[in-house]
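Residue numbers (the numbering used here): 1 to 117.
It cannot be assumed that every hint is accurate.
Result set (PhoX-like, lysine-lysine): computed pairs, CA atoms no more than 25 Å apart in a straight line [said to hold, decoys possible]:
| hint | residue 1 | residue 2 |
| --- | --- | --- |
| 1 | K60 | K116 |
| 2 | K116 | K25 |
| 3 | K60 | K25 |
Computed beta-carbon distance windows for the label pairs [stated by the list, open to error]:
| hint | residue 1 | residue 2 | range |
| --- | --- | --- | --- |
| 4 | P32 | K2 | 32 to 40 Å |
| 5 | K2 | W98 | 29 to 37 Å |
| 6 | N92 | I112 | 16 to 24 Å |
| 7 | F6 | H91 | 35 to 43 Å |
| 8 | Q24 | Q63 | 36 to 44 Å |
| 9 | K116 | K60 | 15 to 23 Å |
| 10 | K25 | I112 | 37 to 45 Å |
Read the hints as simulated data drawn from the structure, not as lab findings. Each residue gets a CB set at the ideal place from its N, CA and C atoms; glycine is no exception.
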Amino acid sequence: MKKYLFHPVFVMASLLFVIHQVLQKIFEISIPLFDNYGDDFVGMPIILTIFLVEQRFIWKRVQTNLSLFQVVVFTILFAVFFENILPLFNHNYTADYWDYLAYGLGSWFFFITINKS
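Sequences are here, hints too, so could you generate the full structure?
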């Protein structure tokens with residue numbers, strides 16, 4: 001489990017996410033590109049790593065890393081929820097289809113780094 005939760009990509013993604021949230025929410029500093037797509041990009045390695053740890057070490061469902069199919073399906077479901085479904089019920093969320101690219105790139109980055117370790 002430590003292998004995944006202390007992986008440099010997971011640690012860096014988590015730090016970037018927290019730093020960005022502090023800058024944006026507390027200090028009201030805007031970084032437009034990161035505000036729009038950064039959280040989606042760094043969020044996927046964080047979420048997929050937690051999903052992998054949960055599957056392997058808590059539920060003991062898998063003995064291997066996540067398959068490409070699992071990563072793709074998880075990413076699509078996650079993106080559809082946040083980009084298509086949630087905006088229908090909460091006006092704080094807006095659909096931005098470029099976010100699909102950010103989710104996909106973040107998931108791909110997870111797949112070739114953390115998932116392969």
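In this structure, is the beta-carbon distance linking K116 and K60 contained in 15 to 23 Å? holds (21 Å)
Using the C-beta atoms of N92 and I112, is the stated range 16 to 24 Å upheld? violated (33 Å)
K116 and K25: Cα distance at most 25 Å? violated (34 Å)
Consistency of beta-carbon spacing, K2 to P32, with hint 32 to 40 Å: Holds: the Cβ-Cβ distance is about 36 Å, inside 32 to 40 Å.
Between K25 and I112, does the C-beta distance stay in 37 to 45 Å? violated (31 Å)
Given the hint that K60 pairs with K116, does the C-alpha gap stay at or below 25 Å? Cα-Cα ~19 Å, so holds.
Does the Cβ distance between F6 and H91 fall inside 35 to 43 Å? Between F6 and H91, where Cβ atoms are some 38 Å apart, the hint holds.
Starting from the range 36 to 44 Å, see whether the pair Q24 and Q63 falls in it by beta-carbon distance. holds (39 Å)
Should the hint that K2 and W98 are 29 to 37 Å apart at their CB atoms be regarded as holding? Since K2 and W98 have Cβ atoms about 35 Å apart, the given range 29 to 37 Å holds.
25 Å Cα cutoff - pair K60, K25: violated (37 Å)
Going down the numbered hints, you'll see the structure goes against 2, 3, 6 and 10, while the others check out.
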